[in-house]
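Engineer: Protein chains in written order, with the working numbering: chain A, 1 to 736; chain B, 1 to 231; chain C, 1 to 200.
Incorrect hints may appear among the rest.
To be verified - Under 10 Å between C-beta atoms, here's a sample of chain C residues computed to sit facing chain A:
id, residue
1, Gln55
2, Ser56
3, Ala58
4, Arg108
5, Ile123
No wet-lab data here; the hints were simulated from the structure. The beta-carbon is built from N, C-alpha and C at its ideal position, and this holds for glycine as well.
Residues per chain are reported as follows:
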Amino acid sequence: MKLNRRTFLKLSAATASMAALGASKYRSVDNWASANERPSNITTAYSVCNSCGNRCGIMAYLRNGRLWRITGNPDDNKSGGKICTRGHGYAQMVYDKYRLSQPLKRTSDGSFVEIPWEQAYQEIGDKLMGVVRKYGPQSVFWSEYSKPISNFYGARLMAALGSPNWTTHSSTCFVGRNVGFDYTLGGLPSGDYENTKYVVFVGRSPADGMGLNILKGLGVAKKKGAKVVSVDPRLSYSAGVLADEWVAVKPGTDLALLLAWMNVLIAENLYDKGFVENYTVGFAELKEMVKQYTPEWAETITGVKAEQIRRIGRELGANRPAAFLEPGWHAAYGSNYANSTQTARATAIVNGLLGNINKPGGLCFYNRVSFGGLNPELYPTPPASPYERVDGAGVKGKYPLTLSTGLHHLLPGLAKEGKLKAGIFYSVNPGRTVPDRNYVIEGYKNLELTIVIDWQMSETAEQFADYVLPESHPMERDGIVEAIASSRPQVTMQAKVIDPVHSGGRGLDRIVSELATAMGLERFFNFTLEDLNKAMLFPLGLFPVHLKSRGIVDGDAGQWHYEFPVDGSGKPSLRTKSGKVEFFSSSFAEHGHNPLPAWQAPKVMPSGDKLRMIHGHQAYHTHAQTMNNPYLMSITKDYEGDSIWLNTETAKRLGISDGDTVQVSGNGWEAKSKVKVTQRIHPEALFVPGGYGGFAKSLVRGYGIGVNINDFLKHDTEPISGHAMMEEVLVSVKRA
Amino acid sequence: MSKYAMLIDVNECIGCYACRVACQTTNDLPSDISRIKFMEKEKGTFPETEIVVLPTQCMHCDEPACVDVCPTGASFKNEDGLVLIDYDKCIGCKYCITACPYDARTFNTSTGKVDKCNFCAPRVQRGMQPACVEACVNDARFFGEVDDSNSPISKLIAEADTAKVGGTSFYYKLPEGWDESLPEDAIKPAYVKNLTERVHPAGKALLGLSAGAVAASYVMTRVNGGHEDEE
Amino acid sequence: MNNIRVYSLRFATLVLLLSLLALTWGCGLEGSAGPAPANPQGTEGLVIKVSEVDQSTADEIVYKHVTEYFSSLQREGEPAFNLVDPGIAYENLNKSPEQYFLVDLRSRSDFEVAFAAETDLNIAAAALAENMDLLPKDKTIYVGCYTGQTAGQVVAALRVAGYDAYSIRGGITNGWIAAGLPVVGAPANTSDSAAGGCGG
Chain A
1 MKLNRRTFLK LSAATASMAA LGASKYRSVD NWASANERPS NITTAYSVCN SCGNRCGIMA
61 YLRNGRLWRI TGNPDDNKSG GKICTRGHGY AQMVYDKYRL SQPLKRTSDG SFVEIPWEQA
121 YQEIGDKLMG VVRKYGPQSV FWSEYSKPIS NFYGARLMAA LGSPNWTTHS STCFVGRNVG
181 FDYTLGGLPS GDYENTKYVV FVGRSPADGM GLNILKGLGV AKKKGAKVVS VDPRLSYSAG
241 VLADEWVAVK PGTDLALLLA WMNVLIAENL YDKGFVENYT VGFAELKEMV KQYTPEWAET
301 ITGVKAEQIR RIGRELGANR PAAFLEPGWH AAYGSNYANS TQTARATAIV NGLLGNINKP
361 GGLCFYNRVS FGGLNPELYP TPPASPYERV DGAGVKGKYP LTLSTGLHHL LPGLAKEGKL
421 KAGIFYSVNP GRTVPDRNYV IEGYKNLELT IVIDWQMSET AEQFADYVLP ESHPMERDGI
481 VEAIASSRPQ VTMQAKVIDP VHSGGRGLDR IVSELATAMG LERFFNFTLE DLNKAMLFPL
541 GLFPVHLKSR GIVDGDAGQW HYEFPVDGSG KPSLRTKSGK VEFFSSSFAE HGHNPLPAWQ
601 APKVMPSGDK LRMIHGHQAY HTHAQTMNNP YLMSITKDYE GDSIWLNTET AKRLGISDGD
661 TVQVSGNGWE AKSKVKVTQR IHPEALFVPG GYGGFAKSLV RGYGIGVNIN DFLKHDTEPI
721 SGHAMMEEVL VSVKRA
Chain B
1 MSKYAMLIDV NECIGCYACR VACQTTNDLP SDISRIKFME KEKGTFPETE IVVLPTQCMH
61 CDEPACVDVC PTGASFKNED GLVLIDYDKC IGCKYCITAC PYDARTFNTS TGKVDKCNFC
121 APRVQRGMQP ACVEACVNDA RFFGEVDDSN SPISKLIAEA DTAKVGGTSF YYKLPEGWDE
181 SLPEDAIKPA YVKNLTERVH PAGKALLGLS AGAVAASYVM TRVNGGHEDE E
Chain C
1 MNNIRVYSLR FATLVLLLSL LALTWGCGLE GSAGPAPANP QGTEGLVIKV SEVDQSTADE
61 IVYKHVTEYF SSLQREGEPA FNLVDPGIAY ENLNKSPEQY FLVDLRSRSD FEVAFAAETD
121 LNIAAAALAE NMDLLPKDKT IYVGCYTGQT AGQVVAALRV AGYDAYSIRG GITNGWIAAG
181 LPVVGAPANT SDSAAGGCGG
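Given the sequences, and given the hints that come with them, work out the whole structure.
Structural biologist: Right, dumping it as structure tokens:
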């Protein structure tokens with residue numbers, strides 16, 4: 001190659017005496033590097049990472065047209081110019097030999113055969129329409145791991161068929177948090193990390209579950225002296241590295257800790273009186289209720305010393321309004337405990353007492369751009385389904401308060417009852433990621449038609465799919481434009497980076513449109529993805545080419561101000577019933593739930609040698625999705641990342657040593673695992689890293705590695721937000 | 001005596017392995033071979049537990065043992081203080097792997113040669129940061145010229161809580177109370193000393209002998225090598 | 001109009017010069033030839049190359065391409081003056097959207113009243129200098145305005161810069177719309193789709 005002779009390293013004359021120097025022709029970095037570089041034409045392209053739900057902006061580097069490496073897009077407020085372990089590994093899967101490349105059909109002997117796309121569409125279309133005619137459209141469902149492309153195409157396909165059952169993974173992830181925050185603050189705010197003085201993470205670990213913008217913001221805030229507290233039964237990397245203080249709470253008792261903080265803030269007059277008076281409802285009832293919840297009381301429940309609880313409560317009060325409890329994700333109140341929805345409410349309420357809504361260093365409801373949509377005169381919108389959701393989400397008498405994304409962990413049971421007959425699974429793997437393996441597999445096997453759309457195999461595809469349709473890898477296709485909410489709102493889109501490696505795979509937009517056409521529903525899909533993106537961008541004065549050329553574009557969504565949201569007449573306008581922060585929720589009362597988050601114990605409590613099994617993210621895996629990723633799985637292998645964790649004292653009592661193989665049993669399930677004995681975990685807990693325990697034979701790198709909490713759980717549902725209660729399980733452990 | 005140095009702020013390392021995978025992809029390494037290793041340490045009793053994660057890689061020693069033992073002169077230290085491998089000369093004998101005091105060298109099964117961190121010399125040549133520094137999600141890694149007292153890394157090194165790994169180009173900033181976790185100074189294993197201080201200057205006869213052994217090893221490598229990555 | 005971050009004029013000039021160089025030197029340039037996204041590896045090398053070109057060489061290159069442009073105005077089997085019939089443009093844009101790129105130079109307000117659904121970019125001619133990175137090197141570019149006059153000038157500059165550009169005969173208003181080819185008005189504004197992934 002022709003070499004670029006200008007070097008940014010001003011090479012000084014050799015000063016050192018180095019014996020080996022004379023031995024080589026490569027005297028400087030410059031000529032060694034030049035000699036060791038491949039001739040290459042390096043180009044770049046922007047896109048969005050698909051390795052988890054955060055969807056960070058990336059820049060892909062191609063060498064001679066082949067994807068080489070990725071970095072974060074420095075313009076992206078979400079990634080802050082960085083990309084995590086999972087993103088680096090996920091991008092490389094585009095070349096993986098285990099990717100799906102042809103539609104598969106299950107034969108009578110249970111194995112799969114490849115079939116052409118046309119045959120797949122024809123057969124699936126006929127069978128799906130057959131189900132709709134025989135059992136009604138409400139017997140069909142769509143299940144996905146929430147992504148912008150399927151939020152649109154999946155929901156539209158269900159509407160076109162007349163089905164109300166478009167479903168995401170929310171009930172095994174974040175539904176408790178969202179419902180709790182929705183009925184208290186009217187939505188989910190973002191932390192103003194860079195300007196905060198004090199932040200408490202309740203359960204969430206941004207260093208393991210990865211919040212790149214959080215890491216960046218905390219870095220800025222900590223340099224200015226901000227304090228970070230982590231509430232977690234486990235010394236996660238957030239608690240151990242990012243945080244200044246670890247609150248080692250007994251798992252499932254976070255609510256008691258939050259109630260004690262309310263008690264301290266009110267009893268010691270540390271709350272924001274002006275804010276409470278103007279912008280909240282139900283303070284009197286709350287005050288009366290939390291009188292009993294002293295730090296001393298909370299110590300008996302949480303195991304955290306009363307003085308530590310009181311001190312943190314006072315520190316929160318002293319630093320308000322630039323202090324906040326981070327809104328969390330899955331762990332303490334996403335979908336784990338019987339008390340999770342009320343714990344989420346309590347977290348939101350503490351923030352209300354701190355008066356930090358839309359304050360510098362507090363919790364902010366940032367602007368996001370408003371997209372346009374397809375012109376219904378040219379592109380008819382399918383009518384909304386006249387049927388009630390089969391899973392009861394939003395249905396009176398069932399789960400009226402929960403999200404419209406549905407309760408996907410209920411679907412196998414509904415299939416067994418005969419209420420569901422056909423389902424499409426997009427990029428989601430309930431076979432592994434939903435509690436109670438047998439309930440899931442046995443339930444879904446009752447479906448007359450099961451279609452899986454994904455770019456790799458999964459437990460779901462292997463166990464109960466009739467057809468598997470290969471999606472192209474995200475690096476090979478465009479996505480739908482996305483809005484990034486921030487004090488500087490942005491717009492971005494997943495864009496095709498390389499030509500498809502396999503000619504067989506297709507984008508979801510194409511798969512859904514072509515399948516709809518095979519069913520005679522083409523009138524609802526008479527547009528391309530490009531048409532849709534253009535229509536969405538239209539009001540912003542943007543075109544897809546802007547996003548493809550620049551990756552991230554600032555979007556005009558009005559000036560952001562640190563002000564409590566008010567309507568035109570100056571009245572508070574949070575998206576709650578009252579427009580204010582609702583300490584007392586009349587909506588909860590109306591549907592028979594406690595309008596105040598009074599203490600409620602988890603469903604099961606550890607005693608004796610029965611430990612609570614808990615789970616969590618590792619920074620290098622996304623659920624079960626990355627279990628066949630060679631880069632990420634080799635980290636697991638090198639560092640025994642699949643080991644379960646046991647407290648040192650507990651292990652000593654049970655005669656278990658670090659590195660032993662142990663047998664874990666609970667709820668009728670038994671499994672063997674290597675154990676890490678550590679002081680980093682609560683003595684009553686047993687930690688299982690998330691996503692392992694693969695049993696899909698075709699995911700060869702993850703097959704049989706580690707154990708999974710879902711196997712130890714029994715199907716269950718919490719009554720308010722309808723989540724799956726994924727840590728209400730006790731297990732015993734002994735040396736194998 | 002090195003021109004370039006790397007500093008890892010252990011207070012900020014969250015043990016996420018992003019640097020490892022970014023290094024692998026940037027340097028075209030097989031997915032199961034890493035130039036960066038991670039040591040995790042904990043101390044204290046629940047709930048007063050503390051942890052650190054200490055990433056290590058080639059420390060670019062001032063007097064590298066790997067260079068001394070290399071029978072073909074493939075491993076060398078250049079003018080900029082970087083310890084590099086001339087891949088045309090490397091015969092994959094792995095002698096250097098055993099000599100390295102930091103376990104920083106691995107055998108790359110896809111090339112049949114020894115592999116290690118080169119501070120991303122091709123990137124440094126272009127004025128860019130090494131891939132691990134660029135990729136670090138929590139800004140725990142720093143790289144730069146140490147003979148420029150105004151460079152960011154020089155300023156960090158000047159801070160009181162930064163410790164140098166003696167005889168190398170590597171610095172760590174350690175949390176309070178974790179001084180003992182600093183990797184030991186670069187000390188050559190005894191057999192390396194023998195080789196360089198006595199045997200080497202004495203004559204070439206022995207070198208010939210070791211070259212014979214090396215040739216045999218080369219043949220073995222060829223026989224065993226060349227298999228694909230994966231399981 | 002919007003807050004698109006724009007690159008400096010210097011960069012745009014650089015891109016233009018690079019395009020000229022790329023044409024002259026073929027594939028001799030390392031790194032990416034033509035309009036490059038921000039920060040590609042190897043960009044630094046290109047910067048040096050440009051600075052190394054002396055004035056007389058640059059004059060020569062420009063002269064060569066301007067001459068080539070004039071000779072392109074009458075080519076065997078090609079439409080004269082790089083004009084394209086609106087009907088053919090419509091057909092090509094629909095048949096092979098991956099090969100053709102439609103730029104509409106009219107004002108935003110006129111654009112919103114009626115525009116071709118195939119439009120890839122609506123931009124003022126004067127704003128092109130700072131937005132050359134939005135034009136694909138690997139596609140045929142159709143340019144339309146009100147009558148064809150502005151587009152003709154733009155096409156001339158684009159062709160000198162190495163783009164495969166054509167002006168729509170009569171422009172969008174007097175060509176495309178007058179020919180009765182399909183157009184759409186401002187679409188209705190609907191709310192965006194439900195969000196919520198799972199990362200943490």
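Engineer: So, for every hint listed, does it hold in this structure?
Structural biologist: Quick rundown of the hints versus the structure:
| no. | hint | result |
| --- | --- | --- |
| 1 | Gln55 | violated (21 Å) |
| 2 | Ser56 | violated (22 Å) |
| 3 | Ala58 | violated (20 Å) |
| 4 | Arg108 | holds (7 Å) |
| 5 | Ile123 | holds (9 Å) |
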